[in-house]
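A.B. asks: Okay, here's what each chain looks like letter by letter:
There are 2 protein chains.
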Amino acid sequence: MLIVGERINSSRKRIRKAIKARDAAFIRKEAVKQLGAGATHIDVNAGTSISTEVDDLKWLVQTVQAAVDAPLCIDSPSAEAQAEALKLHRGQPIINSITAEEDRAQSILPLVREHDALVVALTMGTGGIPASKDDRMQAAAKIAEMVQDAGIELTNVYWDPAVSAVSTDQKAALDVAATVRELMATYEGTHTICGLSNISFGLPNRNILNRTYLALLMAQGLDGVIMDPTEKHMMSTLLATQVLLGKDDFCMKYITAEREERLAACENHKPIAAS
Amino acid sequence: MLIVGERINSSRKRIRKAIKARDAAFIRKEAVKQLGAGATHIDVNAGTSISTEVDDLKWLVQTVQAAVDAPLCIDSPSAEAQAEALKLHRGQPIINSITAEEDRAQSILPLVREHDALVVALTMGTGGIPASKDDRMQAAAKIAEMVQDAGIELTNVYWDPAVSAVSTDQKAALDVAATVRELMATYEGTHTICGLSNISFGLPNRNILNRTYLALLMAQGLDGVIMDPTEKHMMSTLLATQVLLGKDDFCMKYITAEREERLAACENHKPIAAS
Chain A
5 MLIVGERINS
15 SRKRIRKAIK
25 ARDAAFIRKE
35 AVKQLGAGAT
45 HIDVNAGTSI
55 STEVDDLKWL
65 VQTVQAAVDA
75 PLCIDSPSAE
85 AQAEALKLHR
95 GQPIINSITA
105 EEDRAQSILP
115 LVREHDALVV
125 ALTMGTGGIP
135 ASKDDRMQAA
145 AKIAEMVQDA
155 GIELTNVYWD
165 PAVSAVSTDQ
175 KAALDVAATV
185 RELMATYEGT
195 HTICGLSNIS
205 FGLPNRNILN
215 RTYLALLMAQ
225 GLDGVIMDPT
235 EKHMMSTLLA
245 TQVLLGKDDF
255 CMKYITAERE
265 ERLAACENHK
275 PIAAS
Chain U
5 MLIVGERINS
15 SRKRIRKAIK
25 ARDAAFIRKE
35 AVKQLGAGAT
45 HIDVNAGTSI
55 STEVDDLKWL
65 VQTVQAAVDA
75 PLCIDSPSAE
85 AQAEALKLHR
95 GQPIINSITA
105 EEDRAQSILP
115 LVREHDALVV
125 ALTMGTGGIP
135 ASKDDRMQAA
145 AKIAEMVQDA
155 GIELTNVYWD
165 PAVSAVSTDQ
175 KAALDVAATV
185 RELMATYEGT
195 HTICGLSNIS
205 FGLPNRNILN
215 RTYLALLMAQ
225 GLDGVIMDPT
235 EKHMMSTLLA
245 TQVLLGKDDF
255 CMKYITAERE
265 ERLAACENHK
275 PIAAS
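One line per chain: the protein sequences are A and U, in this order.
The first sequence finishes on residue 279 if you use my numbering, and the numbering steps up by one all the way, no holes.
The second sequence finishes on residue 279 if you use my numbering, and the numbering steps up by one all the way, no holes.
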């Protein structure tokens, strides 16, 4: 399971401030914390200030990789920012992201090939969040063609089905779950990844919906997630789901997380009766 | 969704004491609390004292139904205890349970028919927890035949796939999930129900595993659960899953639960970035 820690994102006020002030200690701490909590990759995003994005992103890549020995997810739609950041990156990066939009894809795909990067491919075109599984699969087909035409293996692709809010479309959650399953079946050897938070937009107690949705998507084959790994309830759900799907040998990851106090505090549940 | 509150069970020390002392106030409180938390049915079990079970169960039925206007799940393998308790019961009862074991089924099924009861049918024979989906489906086939031979509609059946521990068999959770799906597909109009706690036997932080498994089983069609409805994390997962499966119109059950403070406290999660 690929777990991309999403905390180093300039849309968060404290991160924005730290980037502006070149506060390397703060950024390093955020990186170390996420890796310790179970992230496999650290996302870096400096997208809120377009005029300084290239320099900011370069600084983030160097600062984070000076602190942790982990690959990054470089999060920018800009080919220029990607190109500059990638030059400084060690290991196999994730490029986040392309869509079915031709200009954007064609500017990014040469970088994917050059760096043998993994690439997040949002199954959407220019029209915003897709309305249905069919729309998502159509966007995916167009992306798959562009990826292969660029000489890149489809196995480098992490499809992002573009989660939308269940509060505005009651079928949204099921639709995206079915898309995950169909993407994995249609494009053998590819992967799926997503952020969860959109699902709960407009509803209370969002974390409960987000983490429950993570479990449902993993059951459909989701093998990547962009999340805050320091959220214990979310990470606990991820680890529990791996156990339940038979993907945690001897439950060792789950038990180790318990020992390291990375699981969420649990109600003192005494089982009442065997069923 | 059928939610059977499992708290009034003599395997719990305080319940055992209350039954023995005929402490009606304590039992009433347990019933009211579970109904308030979202139970649709209240389980009553007095199985720990075989010599007094019949009288104890009769007292429980009368005491609980004097306190709440809800149907009960009468939880005893004994036909005698069931027969006496059912005489006092108002509404459509659930009889918990039969198995593929012929003597037990043949003694209970006439009561199911007489009272037009719902019946929990454990998909197991005399050999303990079944080892595989095939074993479970074989037990179900035998039960289905006996149920129909007794002149009872299969729609009265709630299959219980007999959840087993994932710590001892890594495929156990997936196997039971597949069984739920196959039972619902094979026996149209029937239902599935189970307790969750067996799944996490031998592992730490059991509630996390139990509630995550509930979500996974509901995604396969599970439409009944035997649980402690006052466990907020478990109930929150149930309500969130209904939202995500498109089974909560306008998310009203979820939002109502939030207003009534029945959802688990949630980390103050600020979404970091849309995917």
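Any given hint could turn out to be false.
Dumping the calculated PhoX-like pairs for lysine-lysine here, alpha-carbon to alpha-carbon at most 20 Å [what the hints assert, rightly or not]:
no.: 1; chain 1: A; residue 1: 91; chain 2: A; residue 2: 33
no.: 2; chain 1: U; residue 1: 251; chain 2: A; residue 2: 175
no.: 3; chain 1: A; residue 1: 33; chain 2: A; residue 2: 21
no.: 4; chain 1: U; residue 1: 33; chain 2: U; residue 2: 21
no.: 5; chain 1: A; residue 1: 236; chain 2: A; residue 2: 33
no.: 6; chain 1: U; residue 1: 37; chain 2: A; residue 2: 175
no.: 7; chain 1: U; residue 1: 17; chain 2: U; residue 2: 33
no.: 8; chain 1: A; residue 1: 21; chain 2: A; residue 2: 62
no.: 9; chain 1: U; residue 1: 21; chain 2: U; residue 2: 62
no.: 10; chain 1: U; residue 1: 175; chain 2: A; residue 2: 257
no.: 11; chain 1: A; residue 1: 21; chain 2: A; residue 2: 37
no.: 12; chain 1: U; residue 1: 175; chain 2: A; residue 2: 251
no.: 13; chain 1: A; residue 1: 257; chain 2: A; residue 2: 236
no.: 14; chain 1: U; residue 1: 17; chain 2: U; residue 2: 37
no.: 15; chain 1: A; residue 1: 236; chain 2: U; residue 2: 33
Hints are computed from structural coordinates only; laboratory data are not their basis.
Quantities reported herein were computed from a predicted structural model and do not represent experimental measurements.
A.B. asks: With reference to the structure, classify each hint as holding or not holding.
C.D. replies: Checked hints:
1. 91(A) <-> 33(A): With a Cα-Cα distance of about 24 Å, the restraint between residue 91(A) and residue 33(A) is violated, given a limit of 20 Å.
2. 251(U) <-> 175(A): holds (9 Å)
3. 33(A) <-> 21(A): holds (15 Å)
4. 33(U) <-> 21(U): holds (15 Å)
5. 236(A) <-> 33(A): holds (18 Å)
6. 37(U) <-> 175(A): violated (33 Å)
7. 17(U) <-> 33(U): Holds: residue 17(U) and residue 33(U) sit about 16 Å apart, inside 20 Å.
8. 21(A) <-> 62(A): Answer holds: residue 21(A) to residue 62(A) is near 16 Å, not above 20 Å.
9. 21(U) <-> 62(U): holds (16 Å)
10. 175(U) <-> 257(A): It holds: about 16 Å lies between the C-alpha atoms, which stays within 20 Å.
11. 21(A) <-> 37(A): Cα-Cα ~19 Å, so holds.
12. 175(U) <-> 251(A): Status holds; Cα separation ~9 Å.
13. 257(A) <-> 236(A): Holds, at roughly 14 Å.
14. 17(U) <-> 37(U): Holds, at roughly 18 Å.
15. 236(A) <-> 33(U): Given pair residue 236(A), residue 33(U) is violated - Cα atoms ~34 Å apart, limit 20 Å.
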